[in-house]
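Undergrad: Residue 1 is where the sequence shown starts when you use the numbering used here, and the numbers rise one by one after that.
Hints may be right or wrong, so weigh each one.
With a straight-line Cα cutoff of 20 Å, these simulated EDC-like cross-link-like pairs (lysine to aspartate or glutamate) come out [claimed, not checked]:
hint, residue 1, residue 2
1, Lys182, Asp40
2, Lys182, Asp16
3, Lys182, Asp161
4, Lys182, Glu93
Quick list of the computed label-pair ranges, beta carbon to beta carbon [stated by the list, open to error]:
hint, residue 1, residue 2, range
5, Ser173, Ala44, 28 to 38 Å
6, Asp66, Asp187, 29 to 39 Å
7, Gly14, Glu100, 26 to 36 Å
8, Ala86, Pro5, 15 to 25 Å
9, Gly14, Ala86, 15 to 25 Å
10, Glu43, Pro171, 28 to 38 Å
11, His3, Thr178, 19 to 29 Å
12, Gly84, Asp187, 40 to 50 Å
13, Ala97, Pro151, 18 to 28 Å
14, Ala30, Ala8, 15 to 25 Å
15, Glu67, Glu191, 35 to 45 Å
No lab work stands behind these hints: they were computed from the structure.
Every value quoted in this text rests on a predicted model; they were computed, and no experiment measured them.
Where is the CB? At the ideal position from N, CA and C, for every residue including glycine.
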Amino acid sequence: MRHTPGIAIGIHVGIDILPVIAELAALRIAVFRDWPYLYDGDEAYERNYLARYAASPRAICVVARDERGAVVGASTGIPLADDGEAFHRPFHERGLALDEVFYFGESVLLAPWRGRGVGHAFFDAREAHARECGAFGWTAFCSVRRDADDPRAPAVHRGHDAFWRSRGYAPVSGMACTLSWKERGDDGASEHTLDFWMRAIDRAKDPA
């Protein structure tokens with residue numbers, strides 16, 4: 001895994017995720033509040049959601065801390081079979097076995113630390129973990145779909161498509177799921193479409 005100056009990367013697996021749930025919940029709420037998710041977060045929901053990862057023996061949480069020990073970023077991954085039904089349905093419809101897929105959850109990073117290679121470190125660690133587990137043929141994640149003309153989009157926004165493609169991922173045409181969350185300024189939750197990206201696991205690659 002590559003070195004990121006000023007950042008310490010820690011890896012937590014399975015039940016060892018429990019001690020970092022509170023920090024990760026707060027980080028998710030802070031980062032997802034911005035475009036493109038506009039998430040009006042709820043700490044109780046976040047803790048319950050993240051407990052699913054701690055309950056999965058092969059789930060992973062990669063945590064980035066600054067020199068003071070404060071959490072500035074995190075990413076997660078879980079065997080798809082251990083995740084929620086909303087993520088299962090698109091794979092069932094395509095005839096893809098859940099046991100073949102390791103699903104990447106969020107990658108969240110505070111703005112001052114972006115552009116320093118932390119995102120690559122997150123993918124390096126999760127991909128290495130998926131290879132080491134030995135049972136998966138694919139890694140996958142979702143990206144929220146937004147209208148290019150949405151007036152809420154910031155004037156300057158750099159999407160992640162080029163970064164994901166540089167990692168070997170590609171969008172899967174017509175493959176999406178629907179999740180509900182409350183956006184900032186709304187009275188209640190609304191449905192959002194998320195598109196899947198996937199890549200085959202390279203068994204020949206050195207996980208280090």
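Undergrad: Could you work out which earlier hints the structure fails to respect and list their numbers in ascending sequence?
TA: Per hint list: 2, 3, 4, 7, 8, 11, 12 and 13 violated.
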